[in-house]
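Can you build the whole structure from these sequences, using the hints too?
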Amino acid sequence: MSKKTYKLEAKDLNAYYGSFHALKNINIQMEEKAVTAFIGPSGCGKSTFLRTLNRMNDYIEGFRVEGDILLDGRDIYNRTVRVDELRKEVGMVFQKPNPFPKTIFENVVYGLKIQGIKDKKVLTETAERSLRQTALWDEVKDKLDKSALALSGGQQQRLCIARALAISPSVILMDEPTSALDPISTAKIEELIYELKEHYTIVIVTHNMQQAGRVSDHTAFFYMGELVEFAKTRTMFTSPKHERTQNYITGRFG
Amino acid sequence: MTNSELNRLKDKAFQWFGIFCTLIGLVVLGIFLINILIDGLGRIDWEFLNNLPSRRAHRAGIYTAWIGTLWILTLSSLIAFPLGIAAGVYLEEYGKKNRLSNFLEVNISNLAGVPSIIYGLLGLEIFGRVFGLGGSLLTGALTLALLILPIIIVTTREAIKAVPRSIRDASFALGASKWQTIWYQVLPASFGGVLTGVILALSRAVGEAAPLIVIGALAYVPFAPKSPLDEFTVLPIQIFNWISRPQAAFATNAAAAIIILLIITFTLNGIAVYLRYRWQKRVKW
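As you go down the protein sequences, you meet chains X and U in turn.
Just so you know, this note's numbering puts 10 at position 10 of the first sequence, and the rest follows in order with no gaps.
Going from the second sequence to this note's numbering is simple: count from 1 and add 254.
Fair warning: there could be bad hints in the mix.
[Stated by the list, open to error] Listed below are several chain X residues computed to face chain U (Cβ distance under 10 Å; list not exhaustive):
1) 31
2) 56
3) 78
4) 83
5) 85
6) 86
7) 92
8) 94
9) 97
10) 100
11) 102
12) 110
13) 119
14) 160
15) 166
16) 167
[To be verified] Not the full set, but computed from the structure, chain X residues with beta-carbon under 8 Å of chain U:
17) 87
18) 88
19) 91
20) 111
21) 163
Honestly, the hints are just simulated from the structure, not real lab data.
A quick note: this is a predicted structure, and the numbers were derived from the prediction, not measured.
Every residue, glycine too, gets a C-beta built ideally from N, C-alpha and C.
As structure tokens, this is what we get:
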């Protein structure tokens, strides 16, 4: 057994919505600066699991977690962990682009502003850096004070990624980030994911098998709240261990 | 006649019936407006707006009444606006879904339906007598604030509910607290709706006479109020008073005062419509 430490780790994780058992005994380890993809049919628990990683489910009434989720070896559901601190470390990008109805600039620096950072220089520098990271800078540099809602869907999603990067997280969670986008915008986001993994640990939920194959290093297959199979993406797609996994990735169900 | 012909006929018939129903209200309102304008328009001049009340109809003016109305409007919005929004935000964002919140919810809707004269009695007892504010502007404003509070709470909740979940998620995911999310995202995005509700509530308050009569707002106030603790009158009471007099000249005065009251109400409604339009244009999800 190697003593490797992982960026993110779930140990005997169970989650419930009221009496519904949504996640069953999940054990998984995610490597630093790698892309882990969660796949599985709708309602299999992959999004629920993603949302436990930055505790976005905390606001759902009746939601409850048992077991541990470790970020850099530290349990994020521990009582001493502050949720706002956790979310500075673990950023999130959602299924539908959800920019605030404010200017592009305001969108990018929102995370800094709520931390109380007012220094104009810091804000503008961070905005430019984040927008460059998402290859959006050249497209929007002349209209930073225009509404973010005027951007195209793909641009909006890259803005949302830039917004998440601005607060310098180490992990980025992506919940089907391209499902509302056209193929060209999707390609851009995938390219971006490839570049971002140099600096960030990325976890992505996707319904698109090809996407999981293209962008991820490891893939986890969820079914009915259980983690059926977790392996290197190439291994899983060429020789899945379980029949269910095989059936799902070849499109026979789901 | 075939079945489809019959259906088309029914369709047409209902369309005409609908138009008829819509027009009834408009026609009645139109007749009323024309009537009032004919009666009162000639009476409105600079002196009418600036004269104090008088026993002689041609010298009587509405100065004290419209100053009182403006005072009441300002004071009751200052009281009801923060209270109503705070209550709406609490119920929508913080209130857990349990028996207590259900109870509160049902009763707030009930409050909106309580006759305004009951509010007057409440105001008379609590603000006028217990707090010792008498028949002052403050008593009147507090009473009307109570009256419009349920409307403001309900519209605030509706406006807040219209802010999509995804915006809150985005804010939380960036490390914002609940309060920061409400303050920086939810309230700015719903403010147009909230403001519309407040203005519509105020335009209701501006026309109220009953609760103010109960608390003792007088029709004859020799001087315009100068502080919230002064006695006062408002336009609806002045109108009510003039209409109940036998002389025809006072009826003309009443018509003129009604026109002024309508101008204030329509202006407020106009502002509400404009704000809603602006807000809908700015915020598209």
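Comparing the hints with the structure gives:
Taking 10 Å as the C-beta contact cut-off toward chain U, the hint placing residue 31/X at the interface is violated, the least distance being around 23 Å. Checking residue 56/X against chain U by beta carbon gives a least distance of about 6 Å; that is within 10 Å, so the hint holds. Here the hint on residue 78/X is broken, as its CB sits about 18 Å from the closest CB of chain U, past 10 Å. Contact between residue 83/X and chain U, as hinted, is supported at the beta carbon level, the nearest pair being about 8 Å apart and thus within 10 Å.
The restraint placing residue 85/X at the interface with chain U holds, with a minimum CB-CB distance near 7 Å, inside the 10 Å limit. Hint status for residue 86/X relative to chain U: holds, with the closest Cβ pair at about 8 Å, below 10 Å. At its closest, the beta carbon of residue 92/X sits 4 Å from a beta carbon of chain U; the interface hint therefore holds under the 10 Å criterion. Interface hint status for residue 94/X: upheld, as the beta-carbon distance to the closest one in chain U is roughly 6 Å, under 10 Å.
Residue-level restraint check for residue 97/X holds (minimum Cβ-Cβ distance to chain U is 9 Å; threshold 10 Å). Restraint check, residue 100/X versus chain U: the minimum CB separation of about 6 Å is within 10 Å; hint holds. With its C-beta approaching chain U no nearer than about 8 Å, residue 102/X sits inside the 10 Å limit, and its interface hint holds. A cut of 10 Å between beta carbons decides the hint on residue 110/X: the least distance to chain U is about 6 Å, and the hint holds.
For residue 119/X, the interface hint is violated, since its Cβ never comes within 10 Å of a Cβ in chain U; the closest pair sits about 18 Å apart. Against a cut-off of 10 Å between C-beta atoms, the interface hint on residue 160/X holds, since the closest Cβ of chain U lies about 7 Å away. Restraint check, residue 166/X versus chain U: the minimum CB separation of about 8 Å is within 10 Å; hint holds. For residue 167/X, the interface hint holds, the least distance from its beta-carbon to any beta-carbon of chain U being 6 Å, beneath 10 Å.
At its closest, the beta carbon of residue 87/X sits 4 Å from a beta carbon of chain U; the interface hint therefore holds under the 8 Å criterion. Of the supplied interface hints, the one on residue 88/X holds, with its beta-carbon coming within about 5 Å of a beta-carbon of chain U, less than 8 Å. Interface hint status for residue 91/X: upheld, as the beta-carbon distance to the closest one in chain U is roughly 7 Å, under 8 Å. Because the smallest distance between the Cβ of residue 111/X and any Cβ of chain U comes to about 4 Å, under 8 Å, the interface hint for this residue holds.
This hint holds: residue 163/X has a C-beta 7 Å from the nearest C-beta of chain U, less than the 8 Å allowed.
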